[in-house]
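Number of protein chains: 2
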Amino acid sequence: MAEELTGNVLVAQSGGPTAVINASLAGVIEEALNHGCIEEIYGGLNGVLGILQENLIDLAEESQQVIRGLRYTPASALGTCRYKLRKEADFQRVVDVFKAHDIRYFFYIGGNDSQDTADKISKLAASSGWEMRVIGIPKTVDNDLVVTDHTPGYGSVIKNVAATVREVACDAEAMGQHDIVYIMEVMGRSAGWIAAGATLAKRRDNPEDPPHLIYLPEVAFETNKFLDDVAEVLKNEKYCLIVVGEGLVDAEGNYISTSASGQDSFGHEQLGGAGDYLKGLIDQHFDGVKTRSLRPGHAQRAAATNASKTDNDEAYLAGQAAVKAAIAGETDKMVTLTRGESDTYVCETGLADLSEIANGVKPLPASWINEDGVSMSYQFVKYASPLIQGEVAVPHENGLPKFVKLGASKVDRVLPPYDLNA
Amino acid sequence: MAEELTGNVLVAQSGGPTAVINASLAGVIEEALNHGCIEEIYGGLNGVLGILQENLIDLAEESQQVIRGLRYTPASALGTCRYKLRKEADFQRVVDVFKAHDIRYFFYIGGNDSQDTADKISKLAASSGWEMRVIGIPKTVDNDLVVTDHTPGYGSVIKNVAATVREVACDAEAMGQHDIVYIMEVMGRSAGWIAAGATLAKRRDNPEDPPHLIYLPEVAFETNKFLDDVAEVLKNEKYCLIVVGEGLVDAEGNYISTSASGQDSFGHEQLGGAGDYLKGLIDQHFDGVKTRSLRPGHAQRAAATNASKTDNDEAYLAGQAAVKAAIAGETDKMVTLTRGESDTYVCETGLADLSEIANGVKPLPASWINEDGVSMSYQFVKYASPLIQGEVAVPHENGLPKFVKLGASKVDRVLPPYDLNA
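Sequences listed follow chains A and B, in order.
Residues are numbered in this note's numbering as their position in the first sequence, beginning at 1, plus a constant of 7.
Residues are numbered in this note's numbering as their position in the second sequence, beginning at 1, plus a constant of 7.
Hint data in this document are derived by calculation from the structure and do not stem from the laboratory.
There may be inaccurate statements among the hints.
[Stated by the list, open to error] Think about it this way: if two alpha-carbon atoms lie no more than 25 Å apart in a straight line, the pair counts; the simulated BS3-like pairs of lysine-lysine are:
| no. | chain 1 | residue 1 | chain 2 | residue 2 |
| --- | --- | --- | --- | --- |
| 1 | B | 91 | A | 245 |
| 2 | A | 316 | A | 369 |
| 3 | A | 130 | A | 106 |
| 4 | B | 245 | A | 412 |
| 5 | B | 297 | B | 242 |
| 6 | A | 242 | B | 417 |
| 7 | B | 297 | A | 316 |
| 8 | A | 316 | B | 91 |
| 9 | B | 412 | A | 242 |
| 10 | B | 412 | A | 297 |
| 11 | B | 409 | A | 417 |
| 12 | A | 389 | B | 409 |
| 13 | B | 297 | A | 245 |
| 14 | A | 245 | B | 316 |
| 15 | B | 245 | A | 91 |
Produce the complete structure using the sequences and hints provided.
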């Protein structure tokens, strides 16, 4: 056991929200309350921006009810930001804020960029002689963090996508007479992890179940093959249900989207994405085939009512594990999720160096994509299926999910204002 | 009590699916089993198409489990069709099929068009001397049937839309710095009933809650007012969340959509709808404002996992009531839902003449739209709020909703084939 380090906690969230990132926040807060060496628990508003501007709130003042409510409230209760620490002065300011508020424990919930930021902050604090412990907590719907088996947020987004496919398939089945194509565009700008997850909608041993075709950014898009794929499905099935990742590219690596083909009447790039592009191809090449294009957009990552209990529990666990690791003396690490070797899914937490996480991007393994290029192998299903198990009971009030907001009791500023543009 | 009429039941579904239309089917089947004068319970596949082509299945052969599963399986388990009975020969064929299979009870679950069809079938059967009872069962997410207080299917779609607004609002709240606009396009080609329902996402006495702006087909769209509306919201709120009905029109009644402004590179009308058009306007007129466009499409009406228990129960009730009314001797009627006068919501069923339903369309009352043109009055909330109460417990299997399919045991054909194009 490391020497006890007494002081305050600062926790912040960064990057795009997920359905379970607040569960990690709840895990940090509830675990921190267990340790006497932790005096205050502060939250930074809007990621690093709140730290730079000394926008801190006192999380210990939040009611039990609110902290429990974080378990099922989607997105980032502390707010997030698109600001990146780049200047030397920014990093120095962060350390100054830590010193001013006696922050000895910093927990940063985020993706690659955030882990990179945490790594740099950690190293600067050390070289400045400020003793503290910095632990990253993984989150991203994109599932592209290395070392960790998977990332909190991913299980919930693919559960929602797969559930929506099942629901929409009922609609298509009712409407179809071998003459209707539903196209659902899902998130994933640089990798097909989310689009791939749609395959879970297939019942076991029913490969002909929807989604019939999955188009991934990993497989170069070819128009003729696409048209053949669709024709083949329509021959055999009452309808064709397509899932396409928004980051679909052609053989040259250019995004497949209507924006590639022209501008709209404002002179801007057209707004349609990959899904609308595929719809256009079918409308052009098939007579008498109806097309329906769906783009749930950010609703995918916010769908708390369709979240995975497994994912939610693991997000909470990752928050707790971060605090435990810091108390035990670890620093400059990110919590990872590790999967047991047995056939029964078991997930435990581990630790990895922040620098190791920051510099990698985990690709969707090519071997998990079937040779047809439009379906996923059994290995992928084996990997992803455990991540969507179980449902989160979201309390409802007056017929709608009841989410919480933080009371956000401000911590007094003690430093002069900081000019972001200086 | 009318004289007992012994014979078989035929039930069919028509028009666009909803999350609860199968609950009405379950209501018909389970109630029909209670009456000794009903011998067989047949289902017509794909609406009137199945009747014309003698594609009937034996619903009494379905397992209890499947019938129970219909309660939470979205869309039309019997299938639907876009075929309309127009020719005299079509109507005569329907009556021939009724006679051939001793159909004495016909239940047709659908919207205006379907009720009109049922009315004509009913009258032709009567004039042909074929004694039978025809009862329509209302369904439509559009909520535009007259006489009935509301229509099964509507409560579930607006519950889903409002819940999605709440979830997406958490995402926008986390991301926003007075510089982000989320636009969600919802169904409703000719009326704003669904877009209006999004207002239920606001907490009571919190008019500033999202959705901040609702654009309805009932209010002629003006670009300048729209831009002013958005600017005002961004001044006061961290983000602006807009809900727009797909049927938005300008003062001349032309649809507001990118299709109005040009064609895509295929020479087809552009694919974007009203939501993408509004996104384009903001991108053009606001500097440094990010826009996110969501178009859940048919997922809205298929969202069984976000369905309203009230709506589901009423859909089932309407199915039961249709059978009871027919047994009691009623015919050429549609089941209506009536609302009690008391402050506590009570819903009962009534009956209206099919001809009365078929010729009307219920508009969204102008007095329920506030003077600002972008928000709903208390009267609307009072009307709509009871319809979304309660959640449907959808069984899950392996992490995903488990829906049922009918076994579809075919009834032997006894008539010569029918040529639809003759």
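*Measure nothing beyond the straight line between the CA atoms of residue 245(A) and residue 316(B); if it is 25 Å or shorter, mark the hint as holding.*
violated (30 Å)
_For a C-alpha distance cap of 25 Å, please report whether residue 242(A) and residue 417(B) respect it._
holds (23 Å)
*Is residue 316(A) within 25 Å of residue 91(B), Cα to Cα?*
Violated, at about 46 Å.
_Given pair status - residue 297(A), residue 412(B), alpha carbons within 25 Å_ = holds (24 Å)
*Does the alpha-carbon distance linking residue 297(B) and residue 245(A) stay inside the 25 Å limit?*
violated (39 Å)
*Can the restraint linking residue 409(B) and residue 417(A) be considered satisfied, given a maximum Cα separation of 25 Å?*
Measuring from Cα to Cα gives roughly 46 Å; hence the hint is violated.
_Pairwise hint evaluation, residue 245(A) against residue 91(B), where the allowed Cα distance is 25 Å at most_ = Answer holds: residue 91(B) to residue 245(A) is near 20 Å, not above 25 Å.
_Restraint check for residue 297(B) with residue 316(A), where alpha carbons must lie at most 25 Å apart_ = Violated. Residue 297(B) to residue 316(A) sits at ~32 Å, over the 25 Å cutoff.
*Proposed proximity, residue 242(A) with residue 412(B) (alpha carbon, max 25 Å)*: Holds - the C-alpha atoms of residue 242(A) and residue 412(B) are around 21 Å apart, at most 25 Å.
*When you check the alpha-carbon spacing of residue 130(A) and residue 106(A), does it fall within 25 Å?*
OK: residue 130(A) and residue 106(A) at ~15 Å, within 25 Å.
*Between residue 316(A) and residue 369(A), does the CA-CA distance stay at or below 25 Å?*
holds (24 Å)
*Starting from residue 245(B), check that the Cα of residue 412(A) is at most 25 Å away, please.*
holds (14 Å)
When each numbered hint is compared with the structure, violations occur for hints 7, 8, 11, 13 and 14.
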